[in-house]
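2 protein chains.
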Amino acid sequence: MNLVWQAHQENKSENSLRIIMEYMPINLKEKLSKFSDHWSPKIIAQMNDYHFKVVKFSGDFVWHRHEETDEVFVVLDGKMSIQFRDGKVDLAPGELFVVPKGLEHKPFAEKECHIMLVEPAGTINTGSAGGDRTAADNVWI
Amino acid sequence: MNLVWQAHQENKSENSLRIIMEYMPINLKEKLSKFSDHWSPKIIAQMNDYHFKVVKFSGDFVWHRHEETDEVFVVLDGKMSIQFRDGKVDLAPGELFVVPKGLEHKPFAEKECHIMLVEPAGTINTGSAGGDRTAADNVWI
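Residue numbers (this note's numbering), protein chains in the order written: chain H, 1 to 141; chain U, 1 to 141.
Isolated chain H (complex conformation):
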């Protein structure tokens, strides 16, 4: 009895001295399971002033460029392409590509494709092109 009581007291004492931090991983598949809309990136993590986002592509997007920043695509599931005015790149799962700042591009996926994007907080999906394919910014999931 005495030993049990001591342990209890120690725990109580420890709890009152510090907050127990809980560190949780961010699971990409679990995040992707939470939505089904296309071309609408959701933020899953912030690193300094950059956002990590997940997004589902299907079909054709619009030509656009990001005047102020490079943009990283990492394919998680499915296949996609990025068209440029003078060529294209095909991306499969486990592949990434950096679209250079200011370069006009158009993402495309014949079937649904799951992607992780990395770009500065506040980056808009249609860049400087705007239009009705522009998704809400700053949506966390």
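Heads up, none of these hints are tricks.
One copy or two, it doesn't matter: identical chains are merged, so the pair holds either way.
In silico lysine to aspartate or glutamate, DMTMM-like type, Cα no more than 20 Å apart, as pairs: (1) 29 <-> 95; (2) 88 <-> 22; (3) 34 <-> 95; (4) 79 <-> 22; (5) 29 <-> 77; (6) 101 <-> 49; (7) 106 <-> 22.
Calculated from the structure, these hints are not laboratory results. Given the structure is predicted, the values throughout are model-derived calculations rather than measurements.
Please arrange chain U on chain H, whose structure you already have, making use of the hints.
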């Protein structure tokens, strides 16, 4: 014959007018196949002033912190943990974690684990701790 010649002329004309750009994906597994050392991150891509790196962990690293930046770990293959002074996080493939700026941490992998890191160019693997586990910076693969 005439049709063939025309096609040839058109190609020649097109080649002389513009440079054909070749856009190549960055394949994470292919990059990881190029080295076998542990705790020595290799740069595979640059986005603005940030580097994307791949690294192989095995065993225990040193306690360290990055005073100036958050740091992102994305597990590609295998399992790893990050210890903190008041807890830890376990990471499996497809999971990521952002270690906050200034927070002391110690990565650990019981068996070899393959990771993608995202952090500002110039970030040193041992942070402000230094010591003989410090890897060469700015190594591209």
